[in-house]
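Protein chains: 2
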Amino acid sequence: MWKSQSRLLHGLRVLRVQGYALDAHVCNMTKSSRNPQALCALLGVRHPIVQAGMVWCTGADLVVEVGRAGGLGTLGAGSMYPEELDAEIQKVKAQWSGSFAVNVPLLYPAVEAHMETIKKHKVPVVFTSAGSPRKWTGFLKSAGATVVHVVSSAVFAKKAEDAGVDAVVAEGFEAGGHNGREETTTMCLVPEVADAVSIPVIAAGGLHDARTMLAAFALGASGVQMGSRFVMTQENPAHQAFKQHIAEAKAGETRLMLKDVTPVRLLQGPEGSFYDQVAAAELAGKGPDALRALLGRGRAKLGMRDGDLMEGELEIGQVSALLKDWPATAALMENLVDDFRALGTVKMAPGFSWDALL
Amino acid sequence: MWKSQSRLLHGLRVLRVQGYALDAHVCNMTKSSRNPQALCALLGVRHPIVQAGMVWCTGADLVVEVGRAGGLGTLGAGSMYPEELDAEIQKVKAQWSGSFAVNVPLLYPAVEAHMETIKKHKVPVVFTSAGSPRKWTGFLKSAGATVVHVVSSAVFAKKAEDAGVDAVVAEGFEAGGHNGREETTTMCLVPEVADAVSIPVIAAGGLHDARTMLAAFALGASGVQMGSRFVMTQENPAHQAFKQHIAEAKAGETRLMLKDVTPVRLLQGPEGSFYDQVAAAELAGKGPDALRALLGRGRAKLGMRDGDLMEGELEIGQVSALLKDWPATAALMENLVDDFRALGTVKMAPGFSWDALL
Chain Z
1 MWKSQSRLLH
11 GLRVLRVQGY
21 ALDAHVCNMT
31 KSSRNPQALC
41 ALLGVRHPIV
51 QAGMVWCTGA
61 DLVVEVGRAG
71 GLGTLGAGSM
81 YPEELDAEIQ
91 KVKAQWSGSF
101 AVNVPLLYPA
111 VEAHMETIKK
121 HKVPVVFTSA
131 GSPRKWTGFL
141 KSAGATVVHV
151 VSSAVFAKKA
161 EDAGVDAVVA
171 EGFEAGGHNG
181 REETTTMCLV
191 PEVADAVSIP
201 VIAAGGLHDA
211 RTMLAAFALG
221 ASGVQMGSRF
231 VMTQENPAHQ
241 AFKQHIAEAK
251 AGETRLMLKD
261 VTPVRLLQGP
271 EGSFYDQVAA
281 AELAGKGPDA
291 LRALLGRGRA
301 KLGMRDGDLM
311 EGELEIGQVS
321 ALLKDWPATA
331 ALMENLVDDF
341 RALGTVKMAP
351 GFSWDALL
Chain R
359 MWKSQSRLLH
369 GLRVLRVQGY
379 ALDAHVCNMT
389 KSSRNPQALC
399 ALLGVRHPIV
409 QAGMVWCTGA
419 DLVVEVGRAG
429 GLGTLGAGSM
439 YPEELDAEIQ
449 KVKAQWSGSF
459 AVNVPLLYPA
469 VEAHMETIKK
479 HKVPVVFTSA
489 GSPRKWTGFL
499 KSAGATVVHV
509 VSSAVFAKKA
519 EDAGVDAVVA
529 EGFEAGGHNG
539 REETTTMCLV
549 PEVADAVSIP
559 VIAAGGLHDA
569 RTMLAAFALG
579 ASGVQMGSRF
589 VMTQENPAHQ
599 AFKQHIAEAK
609 AGETRLMLKD
619 VTPVRLLQGP
629 EGSFYDQVAA
639 AELAGKGPDA
649 LRALLGRGRA
659 KLGMRDGDLM
669 EGELEIGQVS
679 ALLKDWPATA
689 ALMENLVDDF
699 RALGTVKMAP
709 GFSWDALL
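Residue numbers (the numbering used here), protein chains in the order written: chain Z, 1 to 358; chain R, 359 to 716.
So that you can see chain Z by itself, here it is in the shape it has in the complex (with noise of 0.2 Å):
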């Protein structure tokens, strides 16, 4: 087994090389910095996997285990006040040398206080999402921070690129949590996202295996961005009742909803829950205000976090239908590394180099 899987490795690495005439024969506008190897220098990781800053769902012992296992990991500011983000990364610090990440909404109120503390603590990467990158880039980037801002259209990905970020995440309408208004899939969103700018696309939305890592990779992505299935690993602090409702949810459960508000793609409680009182809400034409009343505040909180199946708002993506498990985290970088290269695929698209992957 070994001796063919050598000769195979071999195989792909000279073809590799003949590959490259080829490429710049096809695409006349190699864009050079668009292959993973060249965002994972970006990011300081080995993989080009990126744990998203989800809220409520992510934390110090998370992101460590991602980083340690060759991917980055992401502190989600957005729901953490922030003396609880500082204590975060001291908390990451003191356990791992290595790069990490803080994803910033740009609505959040103390984003003044967010962004003192990544200075301060000399956050390698940050990632911004939810408001125009214009006016933190110039500031995180002076910190010395690589800046990713995360866009769900071309137009904000061209935006982004224009106010100097280094990469963005396209994420794509099947994606857990907040989200655009445009509803574009991560089929159609990553194609339009790569062939708009010159910087790297990370994909994120639905991926969370081999398979949907390749296909990110097909369509045009130097990395991938996974929400829900880092949500499902034993470091994640989402409530085990949570973890255990994604476990037995099913296509079609969750749904993009309080669009009138802010999107949000949420999952199904028992009956009369949550979801239920927004659908019904929805369904009879209520207006922003009546839903604002509606969700009021710290549901996110009490339904990822407490647990609270029923009154709380409960996050994630319509891949949670394929979730069945939350391994350590260590175990599912692992597999997920591996199964990719067992793949064994060895040229994509235009520019692709497969270095940081193989």
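A few of these clues could be false.
Selected chain Z positions facing chain R (in silico; Cβ < 7 Å) [claimed, not checked]:
no., residue
1, L107
2, S153
3, P191
4, Q244
5, K347
Beta-carbon label-pair distances, calculated as ranges [to be verified]:
no., chain 1, residue 1, chain 2, residue 2, range
6, R, P628, Z, Q240, 30 to 36 Å
7, Z, G296, R, G402, 34 to 40 Å
8, R, P595, Z, K250, 35 to 41 Å
9, Z, K119, R, S556, 54 to 60 Å
10, Z, R181, R, E474, 53 to 59 Å
11, Z, G272, R, G645, 17 to 23 Å
12, R, R655, Z, A113, 58 to 64 Å
13, Z, R181, R, R655, 38 to 44 Å
14, R, E629, Z, R181, 39 to 45 Å
The calculated lysine to aspartate or glutamate pairs, modelled on EDC-like cross-linking and capped at a C-alpha distance of 16 Å, are [to be verified]:
no., chain 1, residue 1, chain 2, residue 2
15, Z, K286, R, E441
16, R, K617, Z, D209
17, R, K608, Z, D325
18, R, K659, R, E669
19, R, K608, R, E640
20, Z, K324, Z, D338
21, R, K644, R, E669
22, R, K477, R, D444
23, R, K478, R, E441
24, R, K644, R, D618
25, Z, K141, Z, E116
26, R, K682, Z, E161
27, Z, K250, R, D618
28, R, K644, Z, E116
29, Z, K259, R, E640
30, Z, K122, Z, E161
31, Z, K324, R, D553
32, Z, K120, Z, E84
Keep in mind the hints are simulated off the structure, nothing from the lab. For each residue, glycine too, the CB sits at the ideal point set by N, CA and C.
Chain Z is fixed; fit chain R onto it per the hints.
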């Protein structure tokens, strides 16, 4: 150039042979019927590319051109009277002796007449949709047809397999026209369907070029079906004003509407158009009866065939945002195949072989 390409192709063949051993090791349950070559044999074509059997946007000329270029052309019977389907099949057979298909929505009122026409003309491949595959699969198979059922969930895929169909189309949320209530995107749907059944899976929704084809194969598909891409061809009988409107469409301008009647993805028209009227009615919480009254009859033909962008129904996929031209069908097919070959990817998911693609 030719020399290096020839060396590359030789390399691919060598690798492919070595690859099989590795495949068997990686995945014990090798679904051998899953490779694109097996699907091509089932469909009677050279390339695993299906032109979807859309309402109002198919015809004999399109079907013949797709067939001549090695793909599977399909007549969409859902918008034809029985005598029209008969005439179109005769037109196809007068010009083309190879394989082709008819798509029959099983809720069509005159479904019996269509089925008799299909039997009379010995149509090689039949796609069924919008209804249970139990009733007609036996009839069609005794008439000698390969039967493919269109599904929007893994549950329906399994039911179709149990009903004896030869393959399924897994059509994601991003696809144009009528669509599932689950809203599952191609990225999430294809892996789930591929895991659920042993028969070949044809991916649909968002597919339009070599990149998206490759992504579909990565997800576990054995073939691809494209709809919107084939609306945008010279031979397509869609109205020129509709094609021009699609070429100008941007991301976010299609939406899955009329979910409480029969979900359909529509493209915005000019301000105040039918799309806006439906959006306003849905926002106001109007029920199914009011929506059915607004829909009325004949709007699909009015929009797509007669080019009335204001009052007609404009059915097209999200991928309309990426379609800018309407080439000759032969040129489109040649580009798809050439671009795909140029990617030069050799090994994919277990059980996958490139024989039908290289």
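**Q.** Range hint 34 to 40 Å (beta carbons of G296 of chain Z and G402 of chain R) holds or violated
**A.** violated, 59 Å
Q) Honestly, do K119 of chain Z and S556 of chain R meet the 54 to 60 Å range at C-beta? A) holds, 55 Å
Q. Was the hint right that L107 of chain Z lines chain R, CB cutoff 7 Å?
A. Constraint on L107 of chain Z not satisfied, violated at 20 Å.
Q) Is the hinted pair K617 of chain R and D209 of chain Z satisfied, with a Cα-Cα distance of at most 16 Å? A) violated, 31 Å
Q. Quick one, are K644 of chain R and D618 of chain R close enough, alpha carbons at most 16 Å?
A. holds, 10 Å
Q.
I want to verify a distance hint. Is the separation of the beta carbons of P628 of chain R and Q240 of chain Z within 30 to 36 Å?
A. violated, 53 Å
Q | Cβ separation of G272 of chain Z and G645 of chain R, checked against the hinted range 17 to 23 Å | A | holds, 22 Å
Q) Is the hinted pair K324 of chain Z and D338 of chain Z satisfied, with a Cα-Cα distance of at most 16 Å? A) Given pair K324 of chain Z, D338 of chain Z is violated - Cα atoms ~19 Å apart, limit 16 Å.
Q | Restraint status (C-alpha distance of K644 of chain R to E116 of chain Z at most 16 Å) | A | violated, 49 Å
**Q.** chain R contact restraint on S153 of chain Z - CB to CB distance below 7 Å
**A.** holds, 5 Å
Q) Taken at face value, is the distance from the CA of D325 of chain Z to the CA of K608 of chain R at most 16 Å? A) violated, 39 Å
Q: Using the Cβ atoms, figure out if R181 of chain Z sits within 53 to 59 Å of E474 of chain R.
A: With a Cβ separation near 47 Å, R181 of chain Z and E474 of chain R fall outside 53 to 59 Å, so the hint is violated.
In this structure, the earlier hints numbered 1, 4, 6, 7, 10, 13, 14, 15, 16, 17, 19, 20, 21, 26, 27, 28, 30 are contradicted, and the remaining ones agree with it.
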